[in-house]
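**Student:** Below are the chains, spelled out letter by letter.
2 protein chains.
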Amino acid sequence: MAAHATDVSLAVSTVIFALRPHPETGRMTVWMPLVRRIREPFVGKWALPGGPLEPDEDLAESAARTLAETTLLTPQYLEQLYAFGNIDRSPGGRVVSIVYWALVRSEEADVAVETENVRWFEADSVPELAFDHNLIVEYALWRLRNKLEYSSIAHAFVGDTFTLSELREVHEAVLQKPLDPANFRRQIEGSGQVVPTEHLQTGGRHRPARLYRYNRAASDENNGPLPSRSLPGRTQGAS
Amino acid sequence: MAAHATDVSLAVSTVIFALRPHPETGRMTVWMPLVRRIREPFVGKWALPGGPLEPDEDLAESAARTLAETTLLTPQYLEQLYAFGNIDRSPGGRVVSIVYWALVRSEEADVAVETENVRWFEADSVPELAFDHNLIVEYALWRLRNKLEYSSIAHAFVGDTFTLSELREVHEAVLQKPLDPANFRRQIEGSGQVVPTEHLQTGGRHRPARLYRYNRAASDENNGPLPSRSLPGRTQGAS
Numbered sequence: 001m002a003a004h005a006t007d008v009s010l011a012v013s014t015v016i017f018a019l020r021p022h023p024e025t026g027r028m029t030v031w032m033p034l035v036r037r038i039r040e041p042f043v044g045k046w047a048l049p050g051g052p053l054e055p056d057e058d059l060a061e062s063a064a065r066t067l068a069e070t071t072l073l074t075p076q077y078l079e080q081l082y083a084f085g086n087i088d089r090s091p092g093g094r095v096v097s098i099v100y101w102a103l104v105r106s107e108e109a110d111v112a113v114e115t116e117n118v119r120w121f122e123a124d125s126v127p128e129l130a131f132d133h134n135l136i137v138e139y140a141l142w143r144l145r146n147k148l149e150y151s152s153i154a155h156a157f158v159g160d161t162f163t164l165s166e167l168r169e170v171h172e173a174v175l176q177k178p179l180d181p182a183n184f185r186r187q188i189e190g191s192g193q194v195v196p197t198e199h200l201q202t203g204g205r206h207r208p209a210r211l212y213r214y215n216r217a218a219s220d221e222n223n224g225p226l227p228s229r230s231l232p233g234r235t236q237g238a239s
Numbered sequence: 001m002a003a004h005a006t007d008v009s010l011a012v013s014t015v016i017f018a019l020r021p022h023p024e025t026g027r028m029t030v031w032m033p034l035v036r037r038i039r040e041p042f043v044g045k046w047a048l049p050g051g052p053l054e055p056d057e058d059l060a061e062s063a064a065r066t067l068a069e070t071t072l073l074t075p076q077y078l079e080q081l082y083a084f085g086n087i088d089r090s091p092g093g094r095v096v097s098i099v100y101w102a103l104v105r106s107e108e109a110d111v112a113v114e115t116e117n118v119r120w121f122e123a124d125s126v127p128e129l130a131f132d133h134n135l136i137v138e139y140a141l142w143r144l145r146n147k148l149e150y151s152s153i154a155h156a157f158v159g160d161t162f163t164l165s166e167l168r169e170v171h172e173a174v175l176q177k178p179l180d181p182a183n184f185r186r187q188i189e190g191s192g193q194v195v196p197t198e199h200l201q202t203g204g205r206h207r208p209a210r211l212y213r214y215n216r217a218a219s220d221e222n223n224g225p226l227p228s229r230s231l232p233g234r235t236q237g238a239s
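In order, the protein sequences belong to chains A and B. Per our numbering, the first sequence starts with residue 1, numbered consecutively. Per our numbering, the second sequence starts with residue 1, numbered consecutively.
Hints are not guaranteed to be accurate.
To be verified - Computed, partial: chain A to chain B, Cβ under 10 Å:
| id | residue |
| --- | --- |
| 1 | ASP7 |
| 2 | VAL8 |
| 3 | PRO52 |
| 4 | TRP142 |
| 5 | ARG143 |
Just so you know, these hints were derived from the structure itself, not from any lab. From the three backbone atoms N, C-alpha and C, an ideal C-beta is built for every residue, glycine too.
Please model the entire structure based on the sequences and the hints provided.
**Tutor:** Quick look at the structure:
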C-alpha cells in the first residue's frame with residue numbers, strides 16, 4: 001500500500017439503467033443517460049456521468065453525487081461494477097475509473113430531464129463513446145443480464161409491491177425476449193425471492209392480480225460482509 | 001474523468017486462496033499467504049500482499065506481479081474482487097486499494113516458501129491485520145463461498161482432469177461441511193459444468209474412478225465482454 005501519491009488519477013463513473021418503452025415499438029427496453037463532454041479529450045462525445053474522486057468522498061458517495069448532479073435521480077440500487085485501469089484508456093494521462101452501476105425505477109427515470117448535454121439512449125445501441133466507455137456499457141449490460149439469472153436484482157426496477165406480470169415484464173425487457181407466464185411464475189415462486197402480500201392490484205384492464213413483495217430474508221447475495229449504505233431518502237443495497 | 005492527479009494514492013492488493021490440510025485435524029481448509037509489514041503504518045502487522053500501482057502496469061499485471069514476488073506463484077484464477085476506498089482506511093493519507101483475488105492449486109501452494117515476513121494462515125482465522133484487510137479477507141471468503149454456488153470457480157482448485165470425489169472435496173473444504181456424494185454427483189452432472197473424459201484414475205486406495213474435465217462451453221460466467229488475459233505460462237480466466 002502506497003504512502004506516496006502516484007501519477008495515476010482516480011475517477012468514479014456510473015452506468016445508470018432504467019426501463020423505458022421504445023418510442024417506435026412501444027416495447028420496454030433498457031435505457032441509460034449519457035453526458036456530452038464539454039472539454040478535451042473527446043470533446044463533444046457522449047460519455048458516462050462521472051468525475052474525479054474528491055479527497056473527502058467515499059467511492060459510492062462520489063458515484064451517487066455525480067449521478068444526482070446529472071440526472072436528479074437517487075437510485076434504488078447502486079453497486080460497484082468494476083475498476084477499469086488499462087494504461088492507454090485515456091489520452092490525457094493515466095486514469096483509473098472505478099465504475100458503479102445504478103438501477104432506477106421507470107417512474108424515477110421519467111422525471112429525469114434531458115438537456116443539451118444530458119440525453120437518454122437505448123443501452124444496446126449507444127453511439128461511439130469517449131474513452132473505453134463502450135466496453136464499460138457492454139460489460140454492465142452483460143452483468144445485468146447475467147445477474148438477473150441468479151439474484152433478485154430485477155426488484156430494483158419495480159415498486160415495493162408488484163404483480164408477477166410486472167416482474168415478468170422487467171425480465172422480458174432486460175433479456176429482450178418473451179417469457180412464458182406460467183413457467184416464469186413457477187420459477188419465481190420456487191426461488192423464494194418473492195412473498196405474496198394480502199393485497200390485490202385492481203383497476204387495470206385485467207382481473208385483479210395478487211401483489212407480491214421482495215423477500216428480504218433471501219436477499220443476501222449482494223453485500224456479504226461489506227457495510228450496507230443508505231443514500232439520502234432511500235434505503236438501498238450495494239455490494 | 002479527471003485530467004489532473006488527485007491526492008488519492010492507488011494500490012493493488014491480492015487475496016490468494018489455496019486449499020491445504022489443517023495441521024491438526026488433517027481436514028482440507030482454505031489458506032492464504034500474508035506478508036508482514038516492515039514499515040509504518042502498521043509496522044509488524046500482517047497484511048495482504050500488494051503495493052502501489054506502477055504507472056506502466058495494468059491493474060491485473062500489478063496484482064500478478066506482487067503475487068509472484070511474495071509467493072513465487074502464478075495463479076490458475078485471478079479476478080478483480082472489489083475497490084476499497086473509505087476515506088479513513090489508511091492513517092498515512094488516502095489510499096484506494098483495488099483488490100484482486102487469486103485461487104491456486106494445492107500443488108502450487110506447496111511450493112510457496114514461507115519466510116520470516118511471508119506466512120500462510122488459515123483464512124477463517126487470520127490475526128488482526130493492517131488497514132481494513134480483515135474486512136477484505138472476510139468479503140473475499142464470502143465471495144468465494146457464494147460464487148461456488150453459481151459458477152464453476154471450484155475448478156481453479158483442481159487439475160485439468162479430476163474425479164468427482166476430488167471436486168466434491170474442494171466444495172467441502174470451501175464450504176466447511178460434508179456433502180452427500182450421490183447428491184453432489186447429481187447436481188454437478190446436471191449443471192453441465194463438467195464433461196466425462198475417456199480416462200479413469202487408477203492407483204489409489206479406491207476402485208478406478210472416471211476422470212472429468214471442465215466444460216469450457218458452459219464457462220462464460222466470468223469475463224463477459226472484458227478481454228481475457230493470459231499470465232506468463234498459464235491460461236486463466238478473469239472477470
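**Student:** Which hints, by number, does the structure contradict?
**Tutor:** none
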